[in-house]
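Number of protein chains: 2
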Amino acid sequence: MKRSFIREILEHTTSDTISFAGGLPDEKLFPHLALRESATHVLGDAKSLQYGTTQGYLPLRNKITHLYTTEGFRTTADNIMITSGVQQALDIISRYHHQEAITTESPSYLGAMNLFDLNQLEQHPVTLHRDGIDIAAFETSFSQTKLAYLIPDFQNPTGYTYTQEKRAQIARIVKEQQGILIEDAPYSELYFKEKNQSISALLPEQSFHLGSFSKALAPSLRLGWIRADKTLLEPLLAYKEAMDLHSNGLSQAIVDHYLTDLHQYRSHTALLRKMYSKKMQVFKTYLDELLPTLEYTIPQGGMFIYGRLPGISTSALVKHALKQGVVFVPGREFYYKQERDDELRLNFTNCSAKEVYRGLSILARIYKQACHTNKKAA
Amino acid sequence: MKRSFIREILEHTTSDTISFAGGLPDEKLFPHLALRESATHVLGDAKSLQYGTTQGYLPLRNKITHLYTTEGFRTTADNIMITSGVQQALDIISRYHHQEAITTESPSYLGAMNLFDLNQLEQHPVTLHRDGIDIAAFETSFSQTKLAYLIPDFQNPTGYTYTQEKRAQIARIVKEQQGILIEDAPYSELYFKEKNQSISALLPEQSFHLGSFSKALAPSLRLGWIRADKTLLEPLLAYKEAMDLHSNGLSQAIVDHYLTDLHQYRSHTALLRKMYSKKMQVFKTYLDELLPTLEYTIPQGGMFIYGRLPGISTSALVKHALKQGVVFVPGREFYYKQERDDELRLNFTNCSAKEVYRGLSILARIYKQACHTNKKAA
Numbered sequence: 001m002k003r004s005f006i007r008e009i010l011e012h013t014t015s016d017t018i019s020f021a022g023g024l025p026d027e028k029l030f031p032h033l034a035l036r037e038s039a040t041h042v043l044g045d046a047k048s049l050q051y052g053t054t055q056g057y058l059p060l061r062n063k064i065t066h067l068y069t070t071e072g073f074r075t076t077a078d079n080i081m082i083t084s085g086v087q088q089a090l091d092i093i094s095r096y097h098h099q100e101a102i103t104t105e106s107p108s109y110l111g112a113m114n115l116f117d118l119n120q121l122e123q124h125p126v127t128l129h130r131d132g133i134d135i136a137a138f139e140t141s142f143s144q145t146k147l148a149y150l151i152p153d154f155q156n157p158t159g160y161t162y163t164q165e166k167r168a169q170i171a172r173i174v175k176e177q178q179g180i181l182i183e184d185a186p187y188s189e190l191y192f193k194e195k196n197q198s199i200s201a202l203l204p205e206q207s208f209h210l211g212s213f214s215k216a217l218a219p220s221l222r223l224g225w226i227r228a229d230k231t232l233l234e235p236l237l238a239y240k241e242a243m244d245l246h247s248n249g250l251s252q253a254i255v256d257h258y259l260t261d262l263h264q265y266r267s268h269t270a271l272l273r274k275m276y277s278k279k280m281q282v283f284k285t286y287l288d289e290l291l292p293t294l295e296y297t298i299p300q301g302g303m304f305i306y307g308r309l310p311g312i313s314t315s316a317l318v319k320h321a322l323k324q325g326v327v328f329v330p331g332r333e334f335y336y337k338q339e340r341d342d343e344l345r346l347n348f349t350n351c352s353a354k355e356v357y358r359g360l361s362i363l364a365r366i367y368k369q370a371c372h373t374n375k376k377a378a
Numbered sequence: 001m002k003r004s005f006i007r008e009i010l011e012h013t014t015s016d017t018i019s020f021a022g023g024l025p026d027e028k029l030f031p032h033l034a035l036r037e038s039a040t041h042v043l044g045d046a047k048s049l050q051y052g053t054t055q056g057y058l059p060l061r062n063k064i065t066h067l068y069t070t071e072g073f074r075t076t077a078d079n080i081m082i083t084s085g086v087q088q089a090l091d092i093i094s095r096y097h098h099q100e101a102i103t104t105e106s107p108s109y110l111g112a113m114n115l116f117d118l119n120q121l122e123q124h125p126v127t128l129h130r131d132g133i134d135i136a137a138f139e140t141s142f143s144q145t146k147l148a149y150l151i152p153d154f155q156n157p158t159g160y161t162y163t164q165e166k167r168a169q170i171a172r173i174v175k176e177q178q179g180i181l182i183e184d185a186p187y188s189e190l191y192f193k194e195k196n197q198s199i200s201a202l203l204p205e206q207s208f209h210l211g212s213f214s215k216a217l218a219p220s221l222r223l224g225w226i227r228a229d230k231t232l233l234e235p236l237l238a239y240k241e242a243m244d245l246h247s248n249g250l251s252q253a254i255v256d257h258y259l260t261d262l263h264q265y266r267s268h269t270a271l272l273r274k275m276y277s278k279k280m281q282v283f284k285t286y287l288d289e290l291l292p293t294l295e296y297t298i299p300q301g302g303m304f305i306y307g308r309l310p311g312i313s314t315s316a317l318v319k320h321a322l323k324q325g326v327v328f329v330p331g332r333e334f335y336y337k338q339e340r341d342d343e344l345r346l347n348f349t350n351c352s353a354k355e356v357y358r359g360l361s362i363l364a365r366i367y368k369q370a371c372h373t374n375k376k377a378a
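In order, the protein sequences belong to chains A and B.
Using the working numbering, the letters of the first sequence map in sequence onto residues 1 to 378.
Using the working numbering, the letters of the second sequence map in sequence onto residues 1 to 378.
Simulated from the structure, these hints should not be mistaken for laboratory data.
You may find that some hints are simply not true.
For chains that are exact copies, the list does not tell them apart, and a pair is met inside one copy or across any two.
What the hints assert, rightly or not - Straight-line C-alpha distance at most 27 angstroms; calculated DSSO-like pairs for lysine-lysine:
no., residue 1, residue 2
1, Lys284, Lys195
2, Lys375, Lys319
3, Lys47, Lys354
4, Lys28, Lys47
5, Lys47, Lys278
6, Lys274, Lys47
7, Lys47, Lys323
8, Lys193, Lys284
9, Lys195, Lys230
Chain A with its partners taken away, still in its complex shape:
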């Protein structure tokens, strides 16, 4: 198995590197003091330190259930399993579906593609457009695979969001084909204007909906969950148990206590949306000034701007950039067969405005040099 470009980069950059690479939230927005209050409360009692149940801490599952039901998505605590982030949720599901075929978006989330490989799923990539996956190609592929992995909100890496129409079409196809949808939704709370309806809400019995506190609260808590029909969830428990018995109980108890004040959580995510929307605007302004040839779509939420630099190998570009103290992820990494090399993913949530300006200036300079070299070679 190969390690991912992103994780390796994360481990080799210095504190001086300007990183547009990882999907890092802005540390300044972590609610660490509120979580500290919850930790103080929770650790007043030894109970939160004992072994817990494999499916997850029931009070927390109840609170997650409430988040669904208030959105009109009928859910009970039986439908929820707590996992160590969405990453582990994906591992559990793809381990259960090992050696099956799966329809994926192209490009897609690197960490999912690695897991599908590890669990020997046969990946069938289908082109992702700005308004969602190519429906005709999806229908053809899904009729064979009966299993799909999609990220409909502010997709990773592209930042694209599915239209309501495409969501309904996907739901119709999955129903007609009697298949299963894995809907990965780690960014869903990070919308700039309005929250999208999940496709799973249209398909409650034929979907795994994957949620996470990594982006809405903090990643180091490693808390995600699977929402699924009980008959789909039940067989996964034995896998979760074999893999790590249960997810971190202290984190679960802390987040459960934090969510007791739901208003506090709502205010926090509202602040995140406001700040990330501003950060995206700043990033966009500098991009348009410094890299005007980048072709991209303005995201409606999430953490990434994805674009194309025509005629340039971004995987060559990133090597020069790294030497100059800037890093991003070349688009090639997100294609199953690495077939495109002129795209790149830029994270806009982590860096300060000053760093963004400096980082993009450096990128622009290297890009100009590369264009110049290309011209001379031609």
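With the hints as your guide, set chain B onto chain A.
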């Protein structure tokens, strides 16, 4: 995949059930107030909430390294990978060694056997004696498998401990055969008299030594680690990354801060040893009074007393016991082919003396009834 008896039981017992089943530490001994102090410190800064590195938080890896070097086992931070408990460490290693053959103890840890099945390892069980595995049978088996999984200290389920002589013999065989040992050591700090030398210390380049804070501090932190030669550890990083990116960062930072005062940690584990030794004595006294026909070996540490009730099916017994509010694990669960049914595992760390007396009295009554029924049938 089947769920384990123990985890299912844990989830179906009520708060009134007297449980000798799980490997639960005594909650009263959790250092929750010291961990609260560490949590308060750590959460004063938002940094501990950000994504971390796959191999684990470096300051914590340094502290674990120090625990090894003070015992004369040469180790650097490069040799340590933090995992979500020993359970995940076993999953990572057996995933990497999937479809290989492996020599195991018979009986062995249920959670490991499940993982070996999940990862399609071919299990070769070798009889475990009171002083360690059967050496001749081990040598024959290991010459074929080149991979072994052993729990030399206060084994789960038997509580048996390998003699120094057998440790040396195992090391010799693993070296001669140029194979690899997986040494599971979650109970190693829970010795009553003196700490045993790990077999891995004799085999630093051919072993995975698995350690854990689940028993020495608290299980819900889900923090374990793998100590291995860098060449053995390196390929596992891609698996760990694919599985959950990294282990809980908040727990890692809290335990790192807690370990800054090493004296505090040493005093805590010394207290655990003293209290668990006392608890074992109490358990033993009641056992000898109430179930005098139980054949067992007095453990030198750990959490379990394992014994045999001649002529009785303990898997039938446990069903009656559950109805009367007492639960233990029938020995059959720990045999790969479930070939023995007259043994049982009793946890002595979790219940109070009063509960132990009441629970063992109930077991004794049910046992007498079962013997009576057996006689009548004969």
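Requested in this report: Enumerate the violated hints, using their earlier numbering and listing them in ascending order.
Outcome: Going through the list in order, the structure violates no hint and respects every one.
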